[in-house]
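Following my numbering, the numbering of the sequence shown begins with 78 at its first residue and continues without gaps.
Some hints here could point you the wrong way.
Claimed, not checked - Straight-line alpha carbon distances no greater than 20 Å define the calculated EDC-like cross-link-like pairs of lysine to aspartate or glutamate that follow:
(1) Lys108 x Glu129
(2) Lys106 x Glu178
(3) Lys108 x Glu142
(4) Lys106 x Asp127
Claimed, not checked - Beta-carbon label-pair distances, calculated as ranges:
(5) Asp199 x Ser109: 15 to 25 Å
(6) Ala210 x Ser116: 14 to 24 Å
(7) Ile167 x Val200: 25 to 35 Å
(8) Gln203 x Ser109: 16 to 26 Å
(9) Val177 x Gly151: 30 to 40 Å
FYI, nobody ran anything at the bench for these hints, they're computed from the structure.
Ideal placement from N, C-alpha and C gives every residue a C-beta, glycine not left out.
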Amino acid sequence: MSNSVLIAIAALFAATAVPAAAEQWDVTKDKSLVVHRLSADDLRMTVVCDPEGAFSPPQNYLFVERRGQRVETGELTVSGGDDTVNLPIIGAAAVPTGNVEDWNTATDMLFGGRGFNLAVGDVAAQLQIERLANACRAQ
Numbered sequence: 078m079s080n081s082v083l084i085a086i087a088a089l090f091a092a093t094a095v096p097a098a099a100e101q102w103d104v105t106k107d108k109s110l111v112v113h114r115l116s117a118d119d120l121r122m123t124v125v126c127d128p129e130g131a132f133s134p135p136q137n138y139l140f141v142e143r144r145g146q147r148v149e150t151g152e153l154t155v156s157g158g159d160d161t162v163n164l165p166i167i168g169a170a171a172v173p174t175g176n177v178e179d180w181n182t183a184t185d186m187l188f189g190g191r192g193f194n195l196a197v198g199d200v201a202a203q204l205q206i207e208r209l210a211n212a213c214r215a216q
């Protein structure tokens, strides 16, 4: 084999061996709320956080869209490592009220900088997200 062929094979191997870049949250602020948006395949998620407690009670919630349609009722499953939590979606939103421990576990996974899986109904996505400060922890 010529050197150019070996170099081409080595370059191809190196390109396929590099891990894919991590997804990123699109983060904006709106009236003291921090709004995180993420799109993955057929899922879109919006997580709204009230890190400064500007509202009483704090406004932490998330919306999910599946195939372009907002999920009105159901369950969002977030899993990663040894953790799996199910967040009920009622009235188009999942909230920490009555579900603080699962909410905090889910947001730790969503913003923790490690791989996780999302599933709503028959749609699922596997993601690797860059680490981001978790402004959505509930009390």
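Could one say that the CB atoms of Ile167 and Val200 fall in the range 25 to 35 Å? Check failed, 19 Å falls outside 25 to 35 Å.
Between Val177 and Gly151, does the beta-carbon spacing fit 30 to 40 Å? violated, 20 Å
Please verify whether Lys106 and Glu178 have alpha carbons no more than 20 Å apart. violated, 25 Å
Please check whether Ala210 and Ser116 have a Cβ separation lying inside 14 to 24 Å. Since the Cβ atoms of Ala210 and Ser116 sit about 21 Å apart, the hinted range of 14 to 24 Å holds.
Taking 20 Å as the top limit, are the C-alpha atoms of Lys106 and Asp127 close enough? Roughly 10 Å between the alpha carbons, so the hint for Lys106 and Asp127 holds.
With respect to the beta-carbon atoms only, verify the hint that Gln203 and Ser109 lie 16 to 26 Å apart. violated, 33 Å
Is Lys108 within 20 Å of Glu129, Cα to Cα? holds, 11 Å
Is Lys108 within 20 Å of Glu142, Cα to Cα? violated, 23 Å
So does Asp199 sit 15 to 25 Å from Ser109, Cβ to Cβ? The hint (15 to 25 Å, Cβ to Cβ) is violated, given that Asp199 and Ser109 are roughly 37 Å apart.
When held up to the earlier numbered hints, the structure conflicts with 2, 3, 5, 7, 8, 9 and fits the remainder.
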